[in-house]
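Trainee: Take a look at the letters that make up each chain.
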Amino acid sequence: MDLVHLEDNMEELRECFRSRKTKSAAWRRDQLEGLMRLLKEKESEIFKALKEDLGKPPAEAYRDEVGVVRKSLNLALSCLDDWMAPKKVHVPRIGFPTTGELVPEPLGVVLILACWNFPFTLALDPLIGAIAAGNAAVLKPSELAPVTSSLLAEYIPTYLDNKAVKVFQGGSPVAERLLEMKWDKIFFTGSPRVGRIIMSAAAKHLTPVTLELGGKCPAVLDHLPNHRDGEVAIRRLVNGKWGPCYGQACVAIDYLLVEEKHASATINHLKDWITKFYGDRPLETNSISRIVNKSHFKRLRNLVQDPTVAASIVHGGHMDEDNLFIEPTILLNPPSESEIMTEEIFGPFLPIITLKKIEDSIEFVNSKPRALAMYVFTKNENFQKRVIAETSSGSVTFNDAIIQFLCDTLPFGGIGESGFGRYHGKFSFDTFSHEKAVLRRSFLIELSFGSPPWSDYKLQFLRAAYNFDYIQVFLMLLGLKRK
Amino acid sequence: MSLTSTATKQQVVKEAEEKKTMVVDSKNAASLVSELRGTFSTGKTRSYEWRTTQIKNIIKLVEERESDIFEALRSDLSKPELESFVSEISMTKASCKTMLKELKHWMKPEPAKTKLTTFPSSAEIVSEPLGVVLVISAWNYPVLLSLDPVIGAIAAGNAVVLKPSEVAPATSSLLAKLLPEYVDKSAIRVVEGAVAETTALLEQRWDKILYTGNGKVGRIVMAAAAKHLTPVVLELGGKNPVVVDSNVNLKVAVRRIIAGKWGCNNGQACISPDYIITTKSFAPQLIDALKSTLEEFYGKDPLQSKDLSRIVNSSHFQRLAQLLDDDKVSGKIVHGGQRDEKRIKIAPTLLLDVPHNSLIMKEEIFGPLLLIITVDKVEDSFVIINSRSKPLAAYLFTNDKALEKKFVDSISAGGMLINDTCLHLAVHTLPFGGVGESGMGSYHGKFSFDTFSHKKAVLYRSFGGDASARYPPYTLKKQRVLRALLNGDIIGLILTLIGWPRK
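Residue numbers (the numbering used here), protein chains in the order written: chain D, 1 to 483; chain W, 484 to 986.
Calculated directly from the structure, the hints in this document are not laboratory data. Note that CB positions come from ideal geometry on N, CA and C, so glycine has one too. You may find that some hints are simply not true.
Only part of the chain D face toward chain W is listed, based on derived beta-carbon distances under 7 Å [unchecked claim]: (1) A25; (2) F47; (3) W83; (4) M84; (5) H90; (6) V91; (7) H227; (8) Q404; (9) F420; (10) H434; (11) R441; (12) S455; (13) D456.
Take the sequences, apply the hints, and build the full model.
Mentor: Okay, structure coming up:
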């Protein structure tokens, strides 16, 4: 879809929404089922696109993309009626007969801007929420994953209602043009820098936004006395770093905090499992995604250019620019002011920072901007409680990593620099809905004292009454009999 | 409504010196925030005791200083004492009492279900304070719209700065004086001022901003917030429509419309009815009923009635006078129209069928002028309402259930009320906020607590049950296990694990 006809397309979307077609449960179900068919029928093409764009192995492509979207679709289809139903609220008894309810309604025409690292999930998961909530939507996939972007542009119009759901492809110029339009909501996944640009543009139209950003997600590894637990922890750490798109994920572990005395054992265990998982030629064994493009490759290479940083490498470090491959790399205590410790890495470098005692990790984490996710491996319940009470992050996962992404009953979103707003499960539906308050009163029961002209008597009466319930008073004034 | 103030900077500085309060500029705004962050990081504001103590002290404030508050509201708005009592003091206390009653419960983590996909695990959602938040209040309910959000911020465990509106200077002064006497000033502060001071505050990084006011300034607030990725709640306004069907109890309907219009700060309220839509045939009856009830409430000469707020200041008076003096509109006045420029008063005024392109039909009135638009059939009103931006509130008076259903289904507004006006504001189980041009986000009751909280997701996993299928190297069997796990498919999982072939 090209920008020349952007205004016409916007008008078509608005008209479609105005016609109330997208409001019906039947329409929403149809679209979701259409997406499900797309997933089933085009699965191998999707895998192929992800392989081309990111070198994603089919297992990752299913685990992190197709499988996730399918899970979200199944949930939305089974819960749609429940999500759409108005919810009654309790109204003070004195208000009888008054009823109150919350009615969810779609916002209108929404814009979804997806990121390149999970180009399928980050486009369709929000779209599922937008459709389930009854909106019309425009999707702009990331231009850095061009094959997936093309696939979405080709199939979304054929599997979904193309008057209500449209795909615009392209990079910044396209995004800028889209941001000039008036949307009823903008959902953005990406970097904090661009998040600011999006929110500024949205401010011109008072458009609410959800910003799913990133940050440095810390992992904390406490000493685990049970040998087997320790093994599981290491496996999950390795998987939490190099598993999701080879570290290029907002939820990937960015750096690891561990006690000094356990550091070398930890490094050895990590090395073992890296070898077990990825072998000597991980690209060839289809175990990892590659670095997305030359520009990111160069960015990552720069992170370890500094001799003091390079000196801290204790494993890996080999780089192959032609194949956009960097070996899984571990660093031990790189300088704290170095870029690798101040910027989100978004790649296969794992800095390990050692501490005197594991509780110091709380102070360390608090010295940095709040992250999207925090991963703490510990069986010490006191420490767990302290982490929850004394640190702040989008989420906290104990004894695992990344997996919180799959839990639909937990809101997924950041805080501070890692963003605001949330989605997944019903939170997706809510994020694209307006929760309208509706109060119904009857004409029965009217009280004439509760109106002007005011008199001292009336005020006196109110004073006597108000000591009990102020809402009663207010309601009485507007004409309800008090029992 | 605009941020302009009649006070010059010199006057502000002089007054502040007299009061020994801080004049805020960029530099000391930054140190103010820094100081509050320091307080917040000590963890002091997180405790249940701290939060409830502050809220109890706010109740004390409004109880003990009630007459000072009445005086300030009289000075700023000529607000009748009863209105001040109910809509400012009483509502503030009600808000405090709701918090005190429910806070313990709200502060508890909410358990979340987990599924096969993450088995074995348990999950919960933990509410935590955002940090240091900014509340920018409005002039029309200067006590309520200052304290209600502040109460929410405190209940959620935040440190908070309140910037009351300079357009209600007596109340602003009073709050600046009283709050430090009653609440913990290491965490809760008041900053007075106008555009310059607000700008200085908006340059800082806040963890949330709640602004009540108009759309023009709302955009400025959101743009400033964007620089720091600060989430915002914008409580704005709009033209709130009232659809009146002919099958209603007219006497009751009219009293409720009048109470919601002129009983609420003389129409200067974000939820006040702005325009009525009714059928051509019913309009004469409706207008007659309005006229007679208006006389009943406010007498033959409403400009003399003590039960009506005045217009807040000359600038707003001129704005409203201009709306009335418009050529296209002045002939449409069917009741009222009297003005007293010296005392800044305008009488309750009804206008019938003003042209759709007149200014009074385009802009939020925010005053004692009520428009009546007539249509052929009452359903035609929906088209008119939907052709405009979404209002903060929409009202319908009818006994026809089908019409009611259609109204709720087809009109989008912040909130809706059937057969009454404004009341939904007082029901704390309903979120109060706008949509589209009327704003974003909501508060009141638990919605206040939630709006000033971060809902942190916490997942506890055990070390048992570690499916090797998660890890590379990825075999075909592992992929099947993954599929089954993700689909929540227990049978598929078992079959795969025992090696049952898949088609």
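Trainee: Look at each hint and say if it fits the structure.
Mentor: Now the hints, each set against the structure:
no.	hint	result
1	A25	13 Å, violated
2	F47	11 Å, violated
3	W83	16 Å, violated
4	M84	12 Å, violated
5	H90	5 Å, holds
6	V91	6 Å, holds
7	H227	11 Å, violated
8	Q404	5 Å, holds
9	F420	4 Å, holds
10	H434	4 Å, holds
11	R441	4 Å, holds
12	S455	9 Å, violated
13	D456	9 Å, violated
When the structure is compared with the earlier hints, violations turn up for hints 1, 2, 3, 4, 7, 12 and 13 and for no others.
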